[in-house]
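> All chains, please: the whole structure from these sequences, using the hints.
Residue numbering for the sequence shown follows our numbering, starting at 175 and increasing by one per position.
Please keep in mind that the hints were generated in silico from the structure rather than gathered at the bench.
For every residue, glycine included, the Cβ atom is placed at its ideal position computed from N, Cα and C.
No incorrect hints appear here.
Label pairs and their computed distance ranges (CB to CB):
1) D611 / G290: 50 to 58 Å
2) P633 / V720: 56 to 64 Å
3) Q382 / T478: 51 to 59 Å
4) D568 / D868: 41 to 49 Å
5) S635 / S591: 16 to 24 Å
6) T921 / V800: 28 to 36 Å
7) P920 / V720: 21 to 29 Å
8) Y767 / D837: 51 to 59 Å
9) N407 / E557: 36 to 44 Å
10) D737 / V597: 55 to 63 Å
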Amino acid sequence: MMQKNQNGTTTVGRRRRSVLKAQKRLIAALLVCVVVLGVGLGVAKYYLNMTVYTDDDGAKYYVKQKGGVYVLCDKQGYTLETTKEGYFNTALGTLVEIDQKTGKPTVIAVVDTEDGEDVGTSRRILMFRHTQQASIQSIRVHTKTEDYTFYRDENDKFQIKDYEDTAFDQALLSQLAVSCGYPLTMQKIEDPIKDADGKYTEYGLDDQKRTDEDGKEYDYTPDWYRLVDTSGNIHTVYIGDMIPSGGGYYVRYGGRDAVYIMNYSVDASVISVYGQSTLTENVNSVFDLPIETFVTPSVCYPMTLNSYFNVKNFSLFRGADLADVKDPESSSAQPIVSFSYWDLESRNGTFYANTAYVMNYPKGYNVDSDAANNALQSFYKMEFLHVSKLGPTDDDMKEFGLDKPEYVIYFEYTPNSEDGSSVKPVNHTVFVSPMTDRGTYYVYSFVETYFESDKDYKPISGHDMVVEVSRTQLFFLDYRMVDWVDSSYFSMNLAWATEVILETPAGNYHFYLDNSESDSVTNPTCSDSVKKDGKIASDNMKLRAVGPDGTVMEAISNITITDAKGFTWTIDDTTVKAVDSSGNKVNIRGGKYETNSRGEEVVVLVGSVTDAKTGNKVEVGANTIVVTTPEGVSKTYLRCGMANFRKFFQSLLYASIAGDAHDGESGLTDEQIKSITSDPTKAQAKLTVLTSYDKIPKFEYTFYPYTERRSLIQIGDSAEFYVTRSFVDKIIADAGRLMTGETITPTGKY
Numbered sequence: 175m176m177q178k179n180q181n182g183t184t185t186v187g188r189r190r191r192s193v194l195k196a197q198k199r200l201i202a203a204l205l206v207c208v209v210v211l212g213v214g215l216g217v218a219k220y221y222l223n224m225t226v227y228t229d230d231d232g233a234k235y236y237v238k239q240k241g242g243v244y245v246l247c248d249k250q251g252y253t254l255e256t257t258k259e260g261y262f263n264t265a266l267g268t269l270v271e272i273d274q275k276t277g278k279p280t281v282i283a284v285v286d287t288e289d290g291e292d293v294g295t296s297r298r299i300l301m302f303r304h305t306q307q308a309s310i311q312s313i314r315v316h317t318k319t320e321d322y323t324f325y326r327d328e329n330d331k332f333q334i335k336d337y338e339d340t341a342f343d344q345a346l347l348s349q350l351a352v353s354c355g356y357p358l359t360m361q362k363i364e365d366p367i368k369d370a371d372g373k374y375t376e377y378g379l380d381d382q383k384r385t386d387e388d389g390k391e392y393d394y395t396p397d398w399y400r401l402v403d404t405s406g407n408i409h410t411v412y413i414g415d416m417i418p419s420g421g422g423y424y425v426r427y428g429g430r431d432a433v434y435i436m437n438y439s440v441d442a443s444v445i446s447v448y449g450q451s452t453l454t455e456n457v458n459s460v461f462d463l464p465i466e467t468f469v470t471p472s473v474c475y476p477m478t479l480n481s482y483f484n485v486k487n488f489s490l491f492r493g494a495d496l497a498d499v500k501d502p503e504s505s506s507a508q509p510i511v512s513f514s515y516w517d518l519e520s521r522n523g524t525f526y527a528n529t530a531y532v533m534n535y536p537k538g539y540n541v542d543s544d545a546a547n548n549a550l551q552s553f554y555k556m557e558f559l560h561v562s563k564l565g566p567t568d569d570d571m572k573e574f575g576l577d578k579p580e581y582v583i584y585f586e587y588t589p590n591s592e593d594g595s596s597v598k599p600v601n602h603t604v605f606v607s608p609m610t611d612r613g614t615y616y617v618y619s620f621v622e623t624y625f626e627s628d629k630d631y632k633p634i635s636g637h638d639m640v641v642e643v644s645r646t647q648l649f650f651l652d653y654r655m656v657d658w659v660d661s662s663y664f665s666m667n668l669a670w671a672t673e674v675i676l677e678t679p680a681g682n683y684h685f686y687l688d689n690s691e692s693d694s695v696t697n698p699t700c701s702d703s704v705k706k707d708g709k710i711a712s713d714n715m716k717l718r719a720v721g722p723d724g725t726v727m728e729a730i731s732n733i734t735i736t737d738a739k740g741f742t743w744t745i746d747d748t749t750v751k752a753v754d755s756s757g758n759k760v761n762i763r764g765g766k767y768e769t770n771s772r773g774e775e776v777v778v779l780v781g782s783v784t785d786a787k788t789g790n791k792v793e794v795g796a797n798t799i800v801v802t803t804p805e806g807v808s809k810t811y812l813r814c815g816m817a818n819f820r821k822f823f824q825s826l827l828y829a830s831i832a833g834d835a836h837d838g839e840s841g842l843t844d845e846q847i848k849s850i851t852s853d854p855t856k857a858q859a860k861l862t863v864l865t866s867y868d869k870i871p872k873f874e875y876t877f878y879p880y881t882e883r884r885s886l887i888q889i890g891d892s893a894e895f896y897v898t899r900s901f902v903d904k905i906i907a908d909a910g911r912l913m914t915g916e917t918i919t920p921t922g923k924y
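Rendered as structure tokens:
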């Protein structure tokens, strides 16, 4: 009898359930093994049944079943393209047939190549193995009109042989490199025709005699290019006639008995605007492009926005005589204008402290800063039509009208130094042709830089080319002298003036100026601080004036004395001030206001004040300051005289050129101007200013009336412009007012 436990279950029943659980786990494990084994067998069967085809280039292809059909796939599983006959086409161009019963691949056709040939895309033959630009050492192109070479220099940079450092279009070079280095043929001619000498003259691939359209016989030679790779392999390809359809050229690989058809066309979009700008369609052959198409045009050393104006001796000449072009005054060429730029540091404390552009020629004028800037910007921002000729010969220069240029431009450009060191200027001589009937100029430049090793200037490469530019790029060539010259012809700081002489029919005014007591760089004895700061001042200037009748007038800017009490007195044209030794203001006893000759309220002194150091007694009236020495010698100064002279000088600074004397109904011819200026006695006035500036010690302005309202102004030896006649009358009248202390209004009319 079976035993029961406390729950009423038997021992045998418990054992049976345990066995059943173990059996279930075993069955589940066996089922998993069966499934895994089935999958494994399926995968194995799949791979065992898949056929691998290896092409001649080593590429592997796989035969698979898709939709119950055998196909040939690449390694990514994509089905290859097929021909209309159903053959699969590999990347190498091999045609493969797949047996639909067995899946077995069979090669139907392969690309037939000779030694040295390779196979490119779509079963097309490469005349030689693809040479990428990175592996090209040089490319030489030889055609009926061109013979140029691009080569890789020791710095791994491509150069144009014989024109090193000449910039060129990198994209166009890449196009040339592809055309030469990837010789993928359109077709290989079967059984090409040879002439009696065994040459391929039928295709224009060998030298021969030919007849032109006019029936004239000439020697024909095929074009060719030679590519040398960095391993020293040399490939020479001869280019013959265009095929009848115009879609390619017959070509031959040097040393191989075969003829191919190649397409060397170039998309015009890859040709830079600096090249053949007239091209709007594809070019038949890259070899039809002249070397000038590749070249980036240049007429000057590269300029920047921050330095283009840093130019000295910018000189524009007209005519073909280039003797000593660097010196406009001694040159036999006709000078039009010459100017230089002075940076702020260079001109600080100089005669040209407030002038960036200084006129070198013609003397006596100020250059119009806008005109000067426009001329310099023309070179900085010049836009070109194209390069007309790289490395022009004398005959080329003659062809472009540059053997006898219409204009010659010389300038010295100093680029900015990267490390702040001193940089020598780069000298430019630019030749400009007569204007063409298209409104353009041909331009050629000769650029020199300083070579420290030679201690001399020598030409630099990169600019040996003739370029064509639109007239708008050199618009300053159309400027007349009136455009070049600043209308404000009188521009000078009073501190530099030593004498001013005004000659008139009624007599002469002579103004002697003494600025020795002003602490200014115009004086050799100025203080170190003034010299460092470049300060120009005339605060203590004195004046001695002599009128037409011999009358003498003297004036001072101010007078400073210290009395016995230690009070310091400062007296000028309108005020009297006194301070104690601590600088505190002192009330002036005996001071009062009176009206001077100019109608101004000024402070005068009742009595006098005595200088404790010199013993000089100073009396201050409304119109005069009288200084009497202890010996009783007195000197009278016109109190407003110096202030009035400043107003007179200011009037001169407001002077302006009204226009070109040649213009208008009353315009003068050069002969008339010469006749007028030949007789100084007919002058309305002559103004002469002497200076302490050693480079320009004298300025002369002579005025000749020739109409009721116009006066011809002659500056030095140049007479091109006119001023208003009334202005000259005002200057003469102001000189008279200056002698008597009358009011002078700089902007007032006569």
